[in-house]
Each structure stands twice: as C-alpha cells, then as structure tokens.
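Chemist: Spelled out, the chains give:
Number of protein chains: 2
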Amino acid sequence: MITLKAILCVNWLRCMTLALLLPVLAQAGEPLASWNDGPAKASITRFVQAVTTEGSQDFVRPGERLAVFDNDGTLWSEQPLYFQLLFALDEVKRQAPQHPEWKATQPFKAVLENDRQALAAAGVDGLLKIVAATSTGITSEAFTANAKAWLAQARHPKTGKPYTEMVFQPMLELLDYLRANGFKTYIVSGGEVAFMRAFAEQVYGIPPEQVIGSTFQTRFQPDEGQPSILRLPKLAHNDDGPGKPESIEAIIGRRPILAFGNSDGDLQMLQWTAAGSGKRFAGLVHHTDARREWAYDRQSRVGTLNKALDEANERGWTVVDMARDWKRVYPFEAP
Amino acid sequence: MITLKAILCVNWLRCMTLALLLPVLAQAGEPLASWNDGPAKASITRFVQAVTTEGSQDFVRPGERLAVFDNDGTLWSEQPLYFQLLFALDEVKRQAPQHPEWKATQPFKAVLENDRQALAAAGVDGLLKIVAATSTGITSEAFTANAKAWLAQARHPKTGKPYTEMVFQPMLELLDYLRANGFKTYIVSGGEVAFMRAFAEQVYGIPPEQVIGSTFQTRFQPDEGQPSILRLPKLAHNDDGPGKPESIEAIIGRRPILAFGNSDGDLQMLQWTAAGSGKRFAGLVHHTDARREWAYDRQSRVGTLNKALDEANERGWTVVDMARDWKRVYPFEAP
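Chains as they are written, first to last, in this note's numbering: chain L, 1 to 335; chain X, 1 to 335.
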C-alpha cells in the first residue's frame, strides 16, 4: 500500500526511524518514560545526577562522560540468532548465482538447502566462514550498500518486523537521557563494525565514529582517482570478552564511566569500567520476558549470561529485569 | 627559579599549555592570524566558507565535517628525528638500571654509549626494537605516566624548548578555526597512539578518542578488582601510508573532507580524502624554512616528501610553503 507518507519519504529507512523515534520525542518532558519505577531506574538516575552535579565530589566533566553499550541483546534483540548472522545467511542465497561452487560446498550448501542439521554441524567456524564469504572481498562502500538494502527489506521470523524496529525503547530513552546530560554514547560490540554503522546513526543516534566492533583486515587500493578500501576475509579484531576493554583503550583511549551489556562477552568491559576511580556505573540487561521478547541466561547458546550475572550480583551492579523494569520493550508496542 | 605563576600552577604541563595558547586566544577576533595572505590561506578559507554556507551546493552538515591531520612534521617539528624516537632513546638511559643486559646488547649498547655509528647501523629495525623495549611490557597507565614525565622535562637539542612548545602556531590556529566552523579535528599519525594522547588534548585541544595512530597489541589483565591493559611488544597497526585510510575507515567509518600532511606517508590519506564526492581539501606542509625551522623534502630521511609533492602539484592540492606562508612558526616566537 502506497500512502502519502511513503510518497513523501525520499529515504524509506530514515522515515521508518523517524516513526520509531516519535514516541521518544513525544515524551521528551519525561526521561526514561518506558522504565518502571524501581531499583534499576533509580540507580541510573542517581548515577547521572551524581556525576553531573557541579561541586559534587562525584562530578565528571562532560568530555569524560563516556558511556559504552553492547549492541546485540543490549540495544536490540539477538534471538533466535545474532541479526548479523541472519543477514549473512540471507546473503548466501542472494549471492549464490555468482558462486555456483557453493551448491556443492559446506557450509554454503546447508544454507542453500535450508539444512539446519548440516548448518548446526558446521558450528561457529562455519558461521564465520559464511560471514567472511558474504561480507568481504568487496569494498567498504559496496558492503554498506548490501547491509542497508537487507535492513530495509528483511523481516524478523518471529515478529515480522524490520530488524531496526526490534530495538529496545527503554534503551533508546537511556541513550537520549545520557546525551542530554552531556554523555558521549558509544557502541562496543562483537558485531562487525561496518554492519552496525549501516543503521546505528539513524536508529540509535550514534555516529559511525562512536561505533566500535569486530573488524576485518582491509587493504587500501590506490586506483587512479578513485581509491577504495577492500575488505579482506581475515579478522583483524574480535571485539568480544577481553577484546572490548582492549578496543576501548586503543580507540577511545579513556576509561568509560558507564557500561551496559547483557552477556558474559561484556564482563571484561564492565570490569574495566567499574574499576575506574570515582563513581562508575555497570549494568546488565537480563532477558526475563518470554512473552514480550525472550527469556534466557545461563544455558543460552546466544548471549550466554552466567559469570557476568554472578559478578553483577556480587558487586552490586545494576541488573535490569526486562519483565519487571520495562513498561515497553519495542517502540512498536502500544505505550 | 620559582615564580608566583609556577607556585600557582598545580599542573605544570597544563600551565605551559595555557601559556602556549594565549597568543591564539589574544587573536581570537582574527582567525589564522599567523598566516600570511596568499594562496594557501585563501584556499583554506575558501574551502571552509564553501562547506559551511547553508544552501550552497558544497554545504556539508556539521557531523560530516571531519578534518584529519598528520602529527610529525604537520602539527609539530620532526627533526633531527621523530620526537617519539628521542623519547625512546632517553627511556633506554632512564630504564637501563632495570636492564643490566642492555649494556652488552645492541642496539641498546649503542644508545647507552652514545655510539651514533652503531645506532645508525641498527637501522629502522633497531629503532623499533628500542621503542618496543621501552614502551611495552607495562600497563597503558604506566606508559602514559612515563610519556608525560618525559614531555614535562625533556628539551629539544636545537631549540632548548620543551617538545610540546615546538608545535606550529599557524596549525594551532587552523585547528581552532576549523572547530569554530563545526569541524571535528582528528590526528592520524604514524606515531604511537598513547604517546600522542599524552599531550594532544592539552596542546592541540584534540581529545584521546580523536587521536589515531600506530598501535601495539594489548592484553586485558583481569586482576581481581584492579584490571589493567598490558602493552605487548608487537605492532598491531602501522598507521603510515595505506595504513592511514585503512585506520580512518576502521575507526572513524566516514571519509574526511579535509586532510593535512607533510610527507609521502600521508599520500594515501590525502588521496582517500580528495577522492570523496563533493568539495574536499588536501594540504601539505612543505618544510622550506631552514632559518626558523628546517628545510627538507625529497632527499630527507625523516619526513620524505617526494611522490606526495608531485601529486599535490599535479592535482592542485594546497602546498603550504612554510617560509612564505607563515608569519610565525612556533608560539614562542615574537608575534
């Protein structure tokens, strides 16, 4: 159905994002409107008040108010599989005509034949092979175009929504609230950096230079007049676990004062943030809501939350109980 | 001599920097005050006016006004040797008591005995060995403390000035002018990133997260309650030549619209910047002033400027002739 709104929208993704953000804008007078009153919301507002009150011993000057967020499972959903992997699986099918050899080669054969058992047997290495094959060997600009095209048309198998609508409304509000209080908001995620940059600015308000993630090696190609950056099928940095504080130090060069994650892969980032001098905030999103989202933690293969949950409880970090603390999960739910 | 000013200064480096910046502040009404009127200054102001004029076809929104600067030879001097190498040589002497084996091992022996011939024979590999030995195997915090201590007391062999005063006054003004016009200013340099961050914010007004450089591999050490980042003696990224556009793409994720360098190591960064769509600025600082600074280009071992100079002339990039275009070189010269 072509509506007037659609006709007026030159850039479909931008419009969708605007629609997404409208609920936030409408509630601009009330920060964190989708958070229920309770210990999680209170610990956030208490922290922000402490570090932004001039004269307070906890005051932090704006340039040092750095907040880092994991992406998968923290800012958007990650079930039944990390969305970037779903993108890579779709890309195998789309790119298959250019790769006739895939019909007879695992793990690509498994994807093309929807053979879940063979795909599961290929394991993490198989998935990485699929990501590398579909996301490298092309220029950075070509990859970004592929990612944007997929994000614009792909739909989640359970909700039927575009993936960029499966972001957490309370976390969008938290990002806004922090920025309104002089924070610089970063993503620090195991996802590949160029994939996240394809939507982070429009969906989260986080510009490319504040997105940190896993990276492939690249090669500058100095073609006469039209140089390009070629993506190579070799991981340069795995931004997971200890890789997170390492990339924070390499790229930001300053320790964050707030960190939010949802899995054991975020533990070291939380430890690094929490151990800084002065007041710090470490938070976890705990997926406890099988009705509105998903419920999983210690036993999950995606987004395992085990050690980090224990450490959060020991150290008194903030654990957000999705079912208890969030009025709404997604922006598309009725407020 | 202890002066009242010195007594009042809690942080010596900060005070020195304030003194450094006073000339700039005094001339706040007149941007680029240390630039002579001429083609270089005119090309800068013409470019900035074009990309900041709303409604102009060359207009660039503030978030995309990214400017990247090489450091050695572009923002400060680099003779007789890159200042970070002079730091590393001094560190060999300072750290020697903890390394008795250095007395009998090259290239350390050469440094300890001031044996220039043996040091020259060790070549670039020898220098890299010295940098790695003196700058790694310690935490990121310990390294920053070492770098700051050296910067506070070391003096340049020719000028007798602290290295942080050997920055180019016209370039400080250019950084200010760009920021006043909504640009985000970055360093993209072959220098090691943590060394530059030890002074970049105070001296250039460029915060750590806008400093990109060569990096060592690191390892997160999760010591109970007090984790740290250990610097390892292995280069992770060599931010020179093609490494510059590669790191810009990996870390910034957006193509700059202005780039300034001074040597062949900056050529690919200039190519990458200049080839973007829309109006772009590519500039070179040409060291032509043997009296106030140094004069060198095609034959120099430090900061070789050969291919990039040819390409700048072919493509009409802006070449700053230091002797002709700059009223003052250093802030400590009389205005």
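These are computed hints drawn from the structure, not numbers from a lab. Incorrect hints may have been included.
When chains are identical, the list treats them as one kind, so a pair holds in a single copy or across two.
[As the list claims (entries may be wrong)] Pairs of lysine-lysine residues, derived as DSS-like cross-links and limited to a Cα-Cα distance of at most 30 Å, are as follows:
#: 1; residue 1: K158; residue 2: K109
#: 2; residue 1: K129; residue 2: K307
#: 3; residue 1: K93; residue 2: K161
#: 4; residue 1: K327; residue 2: K184
#: 5; residue 1: K103; residue 2: K158
#: 6; residue 1: K148; residue 2: K279
#: 7; residue 1: K184; residue 2: K103
#: 8; residue 1: K41; residue 2: K148
#: 9; residue 1: K184; residue 2: K279
#: 10; residue 1: K109; residue 2: K327
#: 11; residue 1: K279; residue 2: K161
#: 12; residue 1: K129; residue 2: K279
#: 13; residue 1: K129; residue 2: K327
#: 14; residue 1: K103; residue 2: K41
#: 15; residue 1: K184; residue 2: K158
#: 16; residue 1: K234; residue 2: K279
Chemist: Hint by hint, say whether it matches the structure.
Modeler: Tested hints:
In this assembly of identical chains, the alpha carbons of K158 and K109 lie at most 30 Å apart only when taken from the same copy (25 Å versus 68 Å across copies). For a Cα distance limit of 30 Å, the shortest separation of K129 from K307 inside one copy, 28 Å, qualifies, whereas the shortest one across copies, 39 Å, does not. Taking the closest pair of Cα atoms, K93 and K161 come within 30 Å of each other only inside a single copy of the chain (21 Å); across copies the shortest separation is 64 Å, beyond that limit. Taking the shortest alpha-carbon separations for K327 and K184, only the intra-copy value of 26 Å comes in at or below 30 Å, while the best inter-copy value is 38 Å.
When the C-alpha separation of K103 and K158 is checked against a cutoff of 30 Å, the pair qualifies only within one copy, where the shortest distance is 28 Å, while the shortest distance between copies is 68 Å. In this assembly of identical chains, the alpha carbons of K148 and K279 lie at most 30 Å apart only when taken from different copies (25 Å versus 39 Å within one copy). In this assembly of identical chains, K184 and K103 lie within 30 Å of each other by CA distance neither inside one copy nor across copies; the values are 46 Å within and 48 Å between. In the homo-oligomer, the alpha carbons of K41 and K148 never lie at most 30 Å apart, since the shortest distance is 34 Å inside one protomer and 40 Å across protomers.
In this assembly of identical chains, the alpha carbons of K184 and K279 lie at most 30 Å apart whether taken from the same copy (17 Å) or from different copies (29 Å). Taking the closest pair of Cα atoms, K109 and K327 never come within 30 Å of each other, the shortest separation being 43 Å inside a single copy and 68 Å across copies. Taking CA atoms no more than 30 Å apart as the test, K279 paired with K161 passes in neither setting, with 39 Å inside one copy and 39 Å between copies. Taking CA atoms no more than 30 Å apart as the test, K129 paired with K279 passes in neither setting, with 42 Å inside one copy and 39 Å between copies.
In the homo-oligomer, the alpha carbons of K129 and K327 never lie at most 30 Å apart, since the shortest distance is 39 Å inside one protomer and 58 Å across protomers. Taking the closest pair of Cα atoms, K103 and K41 never come within 30 Å of each other, the shortest separation being 51 Å inside a single copy and 60 Å across copies. Taking CA atoms no more than 30 Å apart as the test, K184 paired with K158 passes in neither setting, with 33 Å inside one copy and 42 Å between copies. Taking the shortest alpha-carbon separations for K234 and K279, neither the intra-copy value of 39 Å nor the inter-copy value of 34 Å comes in at or below 30 Å.
In the structure shown, a violation is registered for the earlier hints numbered 7, 8, 10, 11, 12, 13, 14, 15 and 16, in ascending order.
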